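J.: The primary structure of each chain is shown beneath.
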Amino acid sequence: MILKQRRLGWLLFSFLALGMAIGLLLLAASDTVTFFFSPSELAQQPVKQDRRLRVGGIVAAGSVQRTGQTIHFVITDRVHTVPVLFSGILPDLFREGQGVVAEGVLGEDGVLHAFSVLAKHDETYTPRDVAESLKNKSQGKRAPETATVPSPRETATVPSPSGSAPAGQ
Amino acid sequence: MHCFAKLAYRLRHARALLLWSSTLTVVLLVIGLVWGLFFSPADYQQGEMVRILYIHAPAAWMGLFSYIVMAVASAVSLMGKYPLANLVAKASSPVGAVFTIICLVTGALWGKPMWGAYWVWDARLTSMLILFFLYLGHIALVNAFDDYGRGARAGAILAVIGFINIPIIKFSVDWWNTLHQPASITRVALPAMAMEMLLPLLVMGLAFTAYYVTLLLVRIRSEIAAVQVRASRCSLRSIGKRL
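Residue numbers (our numbering), protein chains in the order written: chain A, 2 to 170; chain B, 46 to 288.
For the record, the hints were derived by calculation from the structure and aren't laboratory data.
On a predicted model such as this, the values are computed, not experimentally measured, just so you know.
Hints may contain errors.
[To be verified] Negatives, chain A to chain B, calculated, CB over 12 Å:
#1 Ala61
#2 Gly63
#3 Thr77
#4 Gly108
#5 Glu109
#6 Asp110
#7 Val112
#8 Thr125
[Stated by the list, open to error] Covered, in the sense of this in silico footprint (three residues per stretch, anywhere, with C-beta under 8 Å from a C-beta of chain B), are these stretches of chain A:
#9 14-27
#10 30-44
#11 78-86
#12 126-136
Cβ coordinates follow ideal geometry from the N, Cα and C atoms, glycine included.
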């Protein structure tokens with residue numbers, strides 16, 4: 002029994018030591034572990050020019066302008082904003098009010114010249130008809146905080162193919 | 046070897062459990078798949094693509110769960126002589142590896158249409174890939190030694206050390222900015238998922254759990270059979286030497 006307790010002690014000790022080592026390692030490298038910076042983080046600690054970086058936030062409402070192939074929009078976290086210039090294919094989920102992550106190089110003018118734009122999905126899962134009625138209720142008011150209200154193009158697809166009453170009800 | 050003989054005798058009772066778990070797997074899997082793929086509603090943003098969730102999330106849970114089982118069994122086996130603990134650890138790692146690769150592949154298939162990329166090196170995805178490599182390393186290490194006991198011991202040390210990855214996977218979405226969305230179900234507020242999606246997901250979670258138990262039992266039984274074969278070969282060889 003003593004031997005077993007001693008082994009358990011060693012096991013716990015070495016595991017804790019290793020855990021702390023890895024924890025410190027990740028803490029030190031959190032700048033590189035993090036996938037993107039928010040506009041506020043970018044405002045606090047300015048980055049070098051021509052360093053590749055990713056900026057994540059919400060596409061500001063009314064900011065999307067298309068001129069030919071290039072698209073211009075503004076990423077916001079409701080405190081600070083970063084303007085983005087991008088030419089290429091946007092993901093399907095891209096729209097105003099949608100969370101996105103743009104990767105590119107920050108120009109001297111403070112504009113992010115992006116070479117890729119990814120859509121960030123949030124953790125809410127809502128059936129189409131529920132989203133529909135929620136939207137109707139909150140019409141006229143400000144959009145909800147998560148601000149992932151579907152655009153008119155999206156809401157035109159009622160009723161969804163299998164969006165009727167589920168089996169369990 | 047006589048401890049294995051006792052173990053094999055005790056595991057006769059496992060046959061009833063195996064029958065239950067395999068029946069439960071089939072029933073829950075049929076209910077969960079039909080419910081999830083045909084009767085649950087489409088998401089207002091992801092549309093029909095949301096249905097990958099019913100495979101992806103349970104596979105991810107079981108990928109983590111298999112590792113926790115493996116690490117606990119390994120810690121127990123490092124503390125003393127517990128032949129069953131070694132067998133559980135050895136049986137659990139290939140099952141967990143398959144669940145993890147299912148999670149990674151379905152995630153990639155979902156990521157392309159939703160995010161716009163099959164793969165990104167964010168903390169959640171990378172730590173899940175590390176989990177897969179830990180499983181592969183464990184499988185290789187356990188089988189790398191001629192002596193069964195030494196292989197089991199080396200594998201147990203790797204499994205315990207690698208356990209540090211599990212909380213990293215779980216909390217990666219909270220600690221760092223990731224492209225992967227944060228947890229929808231295990232959070233302080235209510236689940237951020239509509240009931241008619243959450244229920245089939247939970248049924249699928251139970252189905253995958255029952256499947257894991259089934260596979261674990263089958264693998265432990267075959268592992269015991271392999272030990273018995275090895276033991277009888279050894280005794281045959283020693284008899285041959287004496288003659």
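J.: Looking back at the hints listed earlier, which ones does the structure fail to meet?
T.: 8, 11
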